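There are 4 protein chains.
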Amino acid sequence: MRHTSIPDVQASPSNIKYRITRVGIKGMKKLVYVKRPGSSEIIALPTEIDMFVDLPASQKGSHMSRNVELAADLVEISRKRPVDALENLCASLVKKLLERHDYATFAEVRARADYFLEKEGLSGRREEEPYKLIAEARGERDGGVRKLIGVEVIGMTACPCAMEVVRALLGKEEGMIPTHNQRNTTTLMIEVPEDADVEANDLIEIVESSFSSPTYGILKRKEEGEVVIRAHENPRFVEDVVRDVLNKVVERYRDLPDDTMVIVRSESEESIHKYNAFAERVTTLGELRR
Amino acid sequence: MRHTSIPDVQASPSNIKYRITRVGIKGMKKLVYVKRPGSSEIIALPTEIDMFVDLPASQKGSHMSRNVELAADLVEISRKRPVDALENLCASLVKKLLERHDYATFAEVRARADYFLEKEGLSGRREEEPYKLIAEARGERDGGVRKLIGVEVIGMTACPCAMEVVRALLGKEEGMIPTHNQRNTTTLMIEVPEDADVEANDLIEIVESSFSSPTYGILKRKEEGEVVIRAHENPRFVEDVVRDVLNKVVERYRDLPDDTMVIVRSESEESIHKYNAFAERVTTLGELRR
Amino acid sequence: MRHTSIPDVQASPSNIKYRITRVGIKGMKKLVYVKRPGSSEIIALPTEIDMFVDLPASQKGSHMSRNVELAADLVEISRKRPVDALENLCASLVKKLLERHDYATFAEVRARADYFLEKEGLSGRREEEPYKLIAEARGERDGGVRKLIGVEVIGMTACPCAMEVVRALLGKEEGMIPTHNQRNTTTLMIEVPEDADVEANDLIEIVESSFSSPTYGILKRKEEGEVVIRAHENPRFVEDVVRDVLNKVVERYRDLPDDTMVIVRSESEESIHKYNAFAERVTTLGELRR
Amino acid sequence: MRHTSIPDVQASPSNIKYRITRVGIKGMKKLVYVKRPGSSEIIALPTEIDMFVDLPASQKGSHMSRNVELAADLVEISRKRPVDALENLCASLVKKLLERHDYATFAEVRARADYFLEKEGLSGRREEEPYKLIAEARGERDGGVRKLIGVEVIGMTACPCAMEVVRALLGKEEGMIPTHNQRNTTTLMIEVPEDADVEANDLIEIVESSFSSPTYGILKRKEEGEVVIRAHENPRFVEDVVRDVLNKVVERYRDLPDDTMVIVRSESEESIHKYNAFAERVTTLGELRR
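Protein chains in written order, with the numbering used here: chain A, 2 to 291; chain B, 2 to 291; chain C, 2 to 291; chain D, 2 to 291.
So that you can see chain A by itself, here it is in the shape it has in the complex (with noise of 0.2 Å):
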């Protein structure tokens, strides 16, 4: 083909003269290899991105196929000499845009990725139970880059008022007692300081325990028992998770500053209704030290 000079429309001024908060893509899918500090393991996370810039009211377009390839250029990277956290991958994406679209004065990264985490069951077997990484980056120009790591983790609980009200129609004082229990899916982020290290691995571990039971992939009959047993001594509201998840976050993160943002989010199934119930927090551990 001759040589032909390529117009580019996105870089030529905009008829009507509004800012755009966010643009550019969602949903790109990526292969990204991360290996953690003190691990040998490399883990290849299926990953879904979604990339954004500021636009200025003067500018038509923003140029999106640059968020496409410096993604690909990280991804590519990452194959090589993986990256030691999803969080970072995001941070590193806000600076390369912000240096790229020289008109942006913002740039956010969000990522999600499946997760398989090895477990002891209670069998003593070992099983690789799924999860989910959400890993998020924010810039400004003139600014830092914050970053936040989240796990979103399945688990199960029981109702404790509908435990304490079958208690008062059986009229029984004493015993275990049946409630409903159902699925609820319940997401922890928190954001990680430039100099701090905040492990995924910790942070399902502080949300599964936080369930009335964690639940399990293989589960003999025996075993199945012994979580049904184990929620119906443990029943919690959605409040009841959020609030435990974050006592635990206010004790395991004693280091990180006051005003590292914390999100937790908790979501039923419930058996006994056809919608769900909800409970959020979204606060700093400032807020939750006080």
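Warning: the hint list may mix true and false statements.
Copies of the same chain are indistinguishable here, so a pair counts whether it falls within one copy or spans any two.
Claimed, not checked - Computed cross-link-like contacts, DSBU-like style, restricted to lysine-lysine with a CA-CA straight-line distance of at most 30 Å:
#, residue 1, residue 2
1, K30, K81
2, K173, K97
3, K30, K133
4, K61, K27
5, K27, K249
6, K36, K97
No wet-lab data here; the hints were simulated from the structure. Keep in mind it's a predicted model, so treat the numbers as computed, not measured.
Once you've looked at the hints, dock chains B, C and D against the given chain A.
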């Protein structure tokens, strides 16, 4: 605009000569007006419709816009003269599809709608509970049209196995024993012969009475306890739900012929696992009567 | 049953003393009856509702069943006296939530409904096109209630950049040039001040006229060509769609105050990529007027 | 805990005597390690697995925990000795299911995995593109096991009909004419006979070359133009995509027997409509060869 001869690319011969089993549209949303025989109420069902015909090896394409026009015609008519059943709308569409696509030997229409049914709750208060209606019709050019009506119902199952294991672990002989319970979604579809009538509301009643317990929008504390107690008095596997539905179908539809298709599917969002339990029976009334 | 004192576990003191930002129910389905001022038509909207309040650190749980009862009450009333707008139902629910949960300082209600609007197609034939209505209301105990109404609209975008690149590659100066085009979903939400009125149908009109072309259920062959031509005469980035919507909002709602919230989001299912393009502006009318 | 006899409720006789067609688990997530013959690379596939057997009328329940254990066993083995194909894992699971459920006469396993394949883009740069792998196996106790491997691929279709209509409306004889184009998802599944080998990468190649154009993660501006041009040089209905895939399957798999099952499905997210276009062929190689 000048008189233009609009080309009909679909009608041109195909280069690669293979028959197409199904070709058409998926996910068209329409508001369908329904009035059941014997009822004075007209309900407007927001309905998602799929419409397919087959295509002979010799022809390049199917005229999908005809599908859309046919649906729009019948739906428009339903605004003045409501259809008496969603499956009859599907059957009419199948006949029209075979008329308008003279090259087709087969036609299929599926519809899925949000549906609300007023029911009496445990407190005696009447409330609208949400369901899904599912209708299908299939026809061959040289044969009749077969049609099905179905419902998707959410309820609650309590596990009979874990209950007995917990009983053994607790060393109890008597009394109400905890078990894991969860949200279950069960679908029942049944063929409706040409001159027969099957009420979707009856199908909902059949499914809802086959769970460990139905679930409700409004439950005061005492009623929550009653639902839990009822569920624990009726522990059921997904297999039990399917069989109970089948049993009631056989009893309720004694007049329907042996070749009437029956499909039952039950899926439980297991509270103690991260995956679902599932059971299904695809059969005919004749097989069930044996 | 004997007289039983039904325990109120929610009202008991919490062991772990953290405030909960939001607690309540998600995904409750209700049929809401709406009649717009000036219209004689009552429409039944199948609506999915979320309802939240906050919870003080001192109290164990929120009484979620009150949320459900409140919704059922208002929805039941709407069967006899239809609500005049979905956002007003949300605002009423916010007020009732603050009354019934005397420990709450904040309440939030979100609703999402299937909505059909009759429009004239290119052939002059009138047809119902599908949309989504979105309504929200938020209130503080010692402040007013703010409410938003929004619409989600599907249309078509054609890429202006690829069009110019193709023009250069083909070495053509004139004529209609191909480009990639795709399905786009755009959401517009706008705050409705206490004594103002915003018509959802106007919002639909604003969004639909901001695409490269609206899309239609019924299109005969000639009309398909006309839609393609219109889209290629109006190539637009997602950024352009957002800005065009903002521009029309500023023009249409001159009477609304400066602090009126406006949110526009546009997402294109890029035909040449496996991921989506996205643009968003979250702002106020005041900022837009500057 | 004392020695307890753990009850086996599933093994007890059923009260309601109907056979169950399929009973088992859905949506279990596992990380499966695969190493293709001839390749040195081990890939870890995050896989969603469904496992079913049938259940005789006489028995109350199926022992679903055995399904989970069998899957965990084979997946654990795959960590040391990677499986050579996902469909072979399914076939092994079918055989194990029939062994462990001695009451079953039928077993079925389905698996679905995220999959990334490195491909050369238009600029010569290699990049990993995302796909889905689908595998199935079905077996009867007194017969063999049939297994299928499949791929789900995203690409682009440009409509040949609207192109010709636009040509007529514009009164042009020559040159490249705009049309509507969109994201298309096409699935190809093919049976793999016992002693044969079908490469998923070949299936991806077959599907990807049957679109109007493949799509890419990274496209610089010039390459975006080239994709648009290629798509407009190859306008295709969903019917055309299905037939082109079938043609390539017949050519590529001359050695496979006549009873080899072939399934092709193609769905376009029509840019000019709010619903999708769909075509499907379910057939055998023998039928296609006639």
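Status of the hints after comparison with the structure:
For a Cα distance limit of 30 Å, the shortest separation of K30 from K81 qualifies both inside one copy, at 19 Å, and across copies, at 28 Å. Proximity of K173 to K97 under the C-alpha cut-off of 30 Å is found in neither arrangement, the shortest distances being 64 Å within a copy and 36 Å between copies. In this assembly of identical chains, K30 and K133 lie within 30 Å of each other by CA distance both inside one copy and across copies; the values are 15 Å within and 11 Å between. In this assembly of identical chains, the alpha carbons of K61 and K27 lie at most 30 Å apart only when taken from the same copy (20 Å versus 36 Å across copies).
For a Cα distance limit of 30 Å, the shortest separation of K27 from K249 across copies, 26 Å, qualifies, whereas the shortest one inside one copy, 33 Å, does not. In this assembly of identical chains, the alpha carbons of K36 and K97 lie at most 30 Å apart only when taken from the same copy (21 Å versus 35 Å across copies).
Checked against the numbered hints given earlier, the structure breaks only hint 2 and satisfies all the rest.
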